Each structure stands twice: as structure tokens, then as C-alpha cells.
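Enquirer: Okay, here's what each chain looks like letter by letter:
Number of protein chains: 2
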Amino acid sequence: MTPGWTGDIHEFDPSATPGFSGGKKEGQERLAECEDALSSLQERLFAAHHGTADGARVLLVVQGMDTSGKGGIMRHVVGGVDPQGVGITAFKAPTDEEKAHDFLWRIRPHVPAPGMIGVFDRSHYEDVLIHRVHGWADEAEIERRYAAINAFEQELADSGVLIVKVMLLLSYAEQGERLMERLERPDKHWKFNPGDIDERAQWSAYMDAYSKALSATSTEAAPWFVVPADRKWYARIAVQDLLQQALRTIDPQWPAADFDVAEQKERLRATIADAPAL
Amino acid sequence: MTPGWTGDIHEFDPSATPGFSGGKKEGQERLAECEDALSSLQERLFAAHHGTADGARVLLVVQGMDTSGKGGIMRHVVGGVDPQGVGITAFKAPTDEEKAHDFLWRIRPHVPAPGMIGVFDRSHYEDVLIHRVHGWADEAEIERRYAAINAFEQELADSGVLIVKVMLLLSYAEQGERLMERLERPDKHWKFNPGDIDERAQWSAYMDAYSKALSATSTEAAPWFVVPADRKWYARIAVQDLLQQALRTIDPQWPAADFDVAEQKERLRATIADAPAL
Numbered sequence: 001m002t003p004g005w006t007g008d009i010h011e012f013d014p015s016a017t018p019g020f021s022g023g024k025k026e027g028q029e030r031l032a033e034c035e036d037a038l039s040s041l042q043e044r045l046f047a048a049h050h051g052t053a054d055g056a057r058v059l060l061v062v063q064g065m066d067t068s069g070k071g072g073i074m075r076h077v078v079g080g081v082d083p084q085g086v087g088i089t090a091f092k093a094p095t096d097e098e099k100a101h102d103f104l105w106r107i108r109p110h111v112p113a114p115g116m117i118g119v120f121d122r123s124h125y126e127d128v129l130i131h132r133v134h135g136w137a138d139e140a141e142i143e144r145r146y147a148a149i150n151a152f153e154q155e156l157a158d159s160g161v162l163i164v165k166v167m168l169l170l171s172y173a174e175q176g177e178r179l180m181e182r183l184e185r186p187d188k189h190w191k192f193n194p195g196d197i198d199e200r201a202q203w204s205a206y207m208d209a210y211s212k213a214l215s216a217t218s219t220e221a222a223p224w225f226v227v228p229a230d231r232k233w234y235a236r237i238a239v240q241d242l243l244q245q246a247l248r249t250i251d252p253q254w255p256a257a258d259f260d261v262a263e264q265k266e267r268l269r270a271t272i273a274d275a276p277a278l
Numbered sequence: 001m002t003p004g005w006t007g008d009i010h011e012f013d014p015s016a017t018p019g020f021s022g023g024k025k026e027g028q029e030r031l032a033e034c035e036d037a038l039s040s041l042q043e044r045l046f047a048a049h050h051g052t053a054d055g056a057r058v059l060l061v062v063q064g065m066d067t068s069g070k071g072g073i074m075r076h077v078v079g080g081v082d083p084q085g086v087g088i089t090a091f092k093a094p095t096d097e098e099k100a101h102d103f104l105w106r107i108r109p110h111v112p113a114p115g116m117i118g119v120f121d122r123s124h125y126e127d128v129l130i131h132r133v134h135g136w137a138d139e140a141e142i143e144r145r146y147a148a149i150n151a152f153e154q155e156l157a158d159s160g161v162l163i164v165k166v167m168l169l170l171s172y173a174e175q176g177e178r179l180m181e182r183l184e185r186p187d188k189h190w191k192f193n194p195g196d197i198d199e200r201a202q203w204s205a206y207m208d209a210y211s212k213a214l215s216a217t218s219t220e221a222a223p224w225f226v227v228p229a230d231r232k233w234y235a236r237i238a239v240q241d242l243l244q245q246a247l248r249t250i251d252p253q254w255p256a257a258d259f260d261v262a263e264q265k266e267r268l269r270a271t272i273a274d275a276p277a278l
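If you're matching them up, the sequences are chains A and B in order. Counting in UniProt numbering, the first sequence runs from 1 upward without gaps. Counting in UniProt numbering, the second sequence runs from 1 upward without gaps.
Here chain A stands alone, though its shape is the one from the complex (with noise of 0.2 Å):
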């Protein structure tokens, strides 16, 4: 399964499922299943870098519109690995504070640590996606923010960090079943924000949006990879088969004691033979 990207988001069909022959069913079978090897490889990641000054590290940013299953990715294929080797940071509309810095300065702080996955649900990328719809920012300032973020990457690539990037791609039409789910059920109100469907009626503009920042920030040192989203439980493997590529690449190894076994261990039956009066 390697979903990738081509240069045009219009290219790809929002309701495919590339690589994967199964059914919803299949799928949500493949998830479970795959979630013990993807398991092991973050606890060996954890166990191979973290607390080195310069490891290995994974940072996940997710992007899509509305609806588009972030949150879903965070619960099912997040969810599945020990939380104690996860940061998720969600950025929202920025405080009054970040906003008195340049975008990337409320970014750095979450960059995961040696031996850590970092997950970002949404990013620096709002910056040059919404900001381009409403006008925030003039196409000069979007390309030197293009420019400003290839820098920033490939910078964490250099330092270590491996960086892996997806677009979840939905359908407007799915979009439009879903904000109504959410409509629907009293369960889902607090999910729902008028906003989001001001923010619909730009879908177009949106797709451009995606298209030229994609195009512009898609770099050897950070890819970007577009992941039909239509079907969640899709979207979700393939998120998930990223994310194991991504540590496979890293290859971590069980590091080797630095200290002497059979020493440790004499020293440790000493504590057996002797136990205290308790």
C-alpha cells in the first residue's frame, strides 16, 4: 500500500482504496492485526533512542478538511501503540501569544523527542491552507512560508527526526454526510461548529490550496502522501502501514547493556538470599 503523491490532488479518487484488495471488513481485520507489529517497533524505537541526545524520532502530521477522520486516526492507529512513547498535539487557532510570533515558533516546542513518535492533527500547514483561502496571508508571505517550513524540515530531518506527512482526502459530498451525522445525533453536537460549514463553502478554493502546498513542500526530507478518505476504515491502515514503513526505515535495535550481566545478576541474588525482615 503506498499512497503518494503526484503533483495534482485532483488526481486522486477520494473513495478509492489503492493497494488494498479487502472490504471495510478486511480492512478493520488487517488494522487489528497489524497493531502488535506496529507495537513492538515503537517500543523498540523508545527502547533504542529515547534519552540519546540525538536519536531517531518520528513526527506524523496529519491534514484534511473537516470531518476527514483525524481524530479517528489519533483514537485507531495512534491509539494502538504504548501511550507512553506518544505526544499528539492538536493546534487549534492560534492564541493571541503565538500569534505575536512568526507561525513556526508554537510548532518547535512539539517536536517529539529521541525515541518518540510525535503526531501532529493539523500544523504549521494551516498557515498556508486557510490562511491562503481567506486571504490572511498575500501570495508573497504563502511562498515565503513555503520556503520557511522546507527549511524547518529538513532541518528536523537532519537532526533526526523522521518526517511523514498526510493529506486525508475526502469527497465533498462525504464531507456533506458527515457534518449532517453530526447534525443528527445529539451525541455529535458538540463536534459541530457553524463555522464548518462557512469553511465548506470554500471547498475549491480549499483543494487549490492543498494542491499548491503539497506541490511546493512535498521535499525528499519531509514527502507528503495523499490518503483516500472516504472510507475511514481505509484511510486508517493506510495511515497505520506509514507510520510501520516509517520505523522499518529507522530499523531499531534492542541496545545492548552497558553494564556486566552476570555481574548484575550475582548482585541481585544477593538481595534474594538476603532478604530483609520486613
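Keep in mind the hints are simulated off the structure, nothing from the lab.
With a Cα cut of at most 20 Å, we get these calculated SDA-like pairs of lysine to any residue: (1) B/Lys265 x A/Tyr172; (2) A/Lys191 x A/Ala93; (3) B/Lys265 x A/Asn193; (4) A/Lys188 x B/Arg44; (5) A/Lys188 x B/Asp260; (6) A/Lys232 x A/Ser15; (7) B/Lys188 x A/Leu38; (8) B/Lys191 x A/Ala48; (9) A/Lys232 x A/Glu177; (10) B/Lys92 x B/Pro109; (11) A/Lys188 x B/Pro114; (12) A/Lys191 x A/Gly72; (13) B/Lys232 x B/Gln244; (14) A/Lys188 x B/Asp82; (15) B/Lys212 x B/Asn150.
Every beta carbon over 12 Å from chain A, so not counted as near; a handful from chain B, in silico: (16) Gly23; (17) Glu26; (18) Arg30; (19) Glu33; (20) Asp96; (21) Arg106; (22) Ile107; (23) His131; (24) His134; (25) Ala148; (26) Asn150; (27) Leu156; (28) Ala157; (29) Thr217; (30) Ile250.
Stretches of chain B that chain A covers, calculated by requiring three or more beta carbons in the stretch to come under 8 Å of a beta carbon on chain A: (31) 71-79; (32) 172-180; (33) 196-202; (34) 255-262.
Bear in mind that the values here come from a model prediction, so they are computed numbers and not experimental data. We put the CB at the ideal spot given by N, CA and C, even for glycine.
Given the coordinates of chain A, assemble chain B onto it according to the supplied hints.
Expert: Chain B in isolation, oriented as in the chain A frame:
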């Protein structure tokens, strides 16, 4: 199942399974069975309180000797809920900057926001446990810290934080076996540190420090629960149960829509009828 605190840690049997009559298999089944209920309560907590100024939240503090199963609680209990609604902080030995401040300075930024479940893997209690055992703080200073902790936790409780403090009670013999397993398995070597045996040598002093600390800081606002931890499966269902009780006490409800549902459905339907050329 109500593990509780009566004042003397030696009154508890680390291998007991109070409130649960089944064995390991039944315990593991129960953990899996209760995951959905916990997850559903967590989602409602998030829906009802996230983004509010002073909404409810939960802080779970987990303390215990090396190998007592803190990591397993994070992975198998906390890992069962949506990672977007949880923040785990593992407190390690303090940095030089942290040491330059009062001991609560590094704790405060990790208090959960409204709607969240915050989990501390070790905590400010290290400052009255290892510090007492090693004599890094004298009796007067330890007493000062107890008072500071109680004031801090009372303030948190008053601002909407439901605090649950868990001490995983392991036996000396079981710790010996778990440390030996870490030495015998190369994939566990990374979890072992020769210093663990030095700490083990102070077992009685640690039990004494725990007894004193729990007695001094088990308050109505922030009670301690001693959870027998020689059986990992039992400790997990006990902590899962405590978390569930905490959420049931808050009893979060789906928030009412702050918009006119019928009106928004109408607006949405218009965007479906007039689909843009894509």
C-alpha cells in the same frame, strides 16, 4: 473493588485481589470488557469540559517501587482510552533548572486542562520518598513539603481537578523476580539500571517513607489508594476501576448544542443541493 488507605502500608498484602474473586484469565477479560465503558465516559468528559475555563478533569498519580507495573498501567489501562483526551507525564530525576526551583515548579505545567485525564508516572511524591530515604531533605523539610503538597492538591481540587492517587504495592520477593527477568531477557536490558539494586537495598526505608507520606497526604480532596500489585492483571483492573469511579463521580453529560440544529441542517442541505464544480 475498593482498595483503600488505612494508615499502615504493612497491613496490605501485595498478592491479594480485594473485591475480585476471579483469577488471571477472568481479570484480563474484565479489563477488556470495561474498556468501552471507560472510553465512553472519557469521551463525554472531553465533550462536556474541554475548552471551558474551569471544567472538570482527572489527575491520576501513580507511584510505586521499580517494576511495580507503572508502565503497564500506562499501556494497558490509560492506553485503552482515546489518546487525544489523555496526557501522560513521566517525572524523571530533575534537571539542573528544575532543581533551582521549588519542587512543585516542574509539576504545575502538567496539571490537566479541563476535559482531560492527566496521568503522572511518578510525581511530586518523589520529593518526600527518595529524598527521605537518601536523606536529601531533613525531617523539617519533608514536613514542609507534605504541607505544600496538601495545599497544592487542595487548590487543584477546588479548581475542578478530581485527584486519584495510586500506590502500587509490590512485595520484595516479586520485585526480585521481575528484576531478574529484566536481566535474563536481552529485550528487557534497557529497562534495567544497576542503581535499581541499590534502591532495592533500601526497601524497608522506602516502605517506611511510603507509610509516612501516604498518612500525611491522604486527604478528602486527594485520597490515596493502595493497590496490591504482585499480580499485574489485578493492579490493572483496580486502577481501571478507580478511573471509572472518578469519571462516574464527575458524571459528564453530552453538552447541549449552542446553535439552532434545524437552522444548521437547512444551511448544510443548501450546500449539498448546490454542489460546486470540483
